[in-house]
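Listed below, chain by chain, are the residues.
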Amino acid sequence: MADYEIVKPKVDLRKKIKILPNSSGMDPVAKAEEAMERLSINFGNWMRDEVAKLQYAWDMVEKKDMTEESLDKLFRSAHDIKGQAHTMGFPLAGHIAGSLCELIERIPNRENLPKDLLCKHVQAISAVVKENAREEDNVIGKELVAELGNLSEEIISKFEPQEDTTENTDKK
Amino acid sequence: MINVDLSQLRFLIVEDNTHMRRVIRTLINGFGAREVTEAEDGAAGLELFQTTSPDIVITDWYMPIFSGIELTRMMRSRESSSNPTVPIIMLTGHSEKRKVIEARDAGITEFLCKPISAKALYARVANCLINPRSFVRAGGFYGPDRRRFSNPLYKGAERRAGAISDEQKSDELKEAS
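Chains as they are written, first to last, in our numbering: chain A, 1 to 172; chain B, 1001 to 1177.
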């Protein structure tokens, strides 16, 4: 006997939906984009909230030093910004937050984490949002992203374990 | 893209970030769904999943209490879940291949990397509805069939442990009848 089993989904959702003809004039994606456009008036404030959370997490790192707990908060906050900055119109902030996440995620030995470079990332994200640098081709912003990215990669390549031990790290 | 009326479906969003939850809800409502519930962590998400019986779950990966991966495993549990075959869309900032594989092996239905867009999210939702996949229980895995396409040119060994050939299946059926 085969030791696998094929199971049909419990609920057939096709019975709960209707395929709309093109003539219906309904365009769900366009409707959702319009709704997002209306929502976007909040994005500036929301990003400032996220930056405040990031700054608070950084203050904890300064105060308690780089403990797992304080780094976890910093990572979580940077990860949120990485995920939503582009949607909220601050792609450069998203790139910098991504670089900050890479540092924390790929250098498992906390003693090797460059505190000054982490700090520079936090400051850069704050500056981008404060200056309302929304365009991805903002010259200074682009340079900042490239510089921080290069510095981070240099340090990561020095301290990242050669074997694929990243599977064992707990950060997700 | 196929336009689908989603007004009769219930959605559950599990995401710890307030702003991101609002963005996802706005998109889902924009698609035409009326019933959307939200949870801010994996534990609250599981509770709402069991009590509200959503038709589609959209979950983040990295959350407090337990992660989207752990939540997926609990929702896929045939012993304790109210609907182990519910479509689950994993929405995350992780784009690394090993993360995509980890999510797939936990039993997610669709994977969507942030930044989120209306078009990409709608495509994932529509795919869950229009092209539902069969579920497979094999070894420690329970989830949507990970083989989205069958390759007629594949000549390697059957990788599902203990899998039987069509001829054997036919023989078994004959014996049974």
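Read the hints as simulated data drawn from the structure, not as lab findings. In this text, a Cβ means the ideal position worked out from N, Cα and C, and glycines have one as well. One or more hints might be untrue.
[Said to hold, decoys possible] Looking from chain A toward chain B, a few residues come up when the C-beta cut is under 10 Å (computed):
id	residue
1	13
2	16
3	18
4	56
5	83
Verification of the hints:
no. : hint : verdict
1   : 13   : 5 Å, holds
2   : 16   : 5 Å, holds
3   : 18   : 4 Å, holds
4   : 56   : 15 Å, violated
5   : 83   : 4 Å, holds
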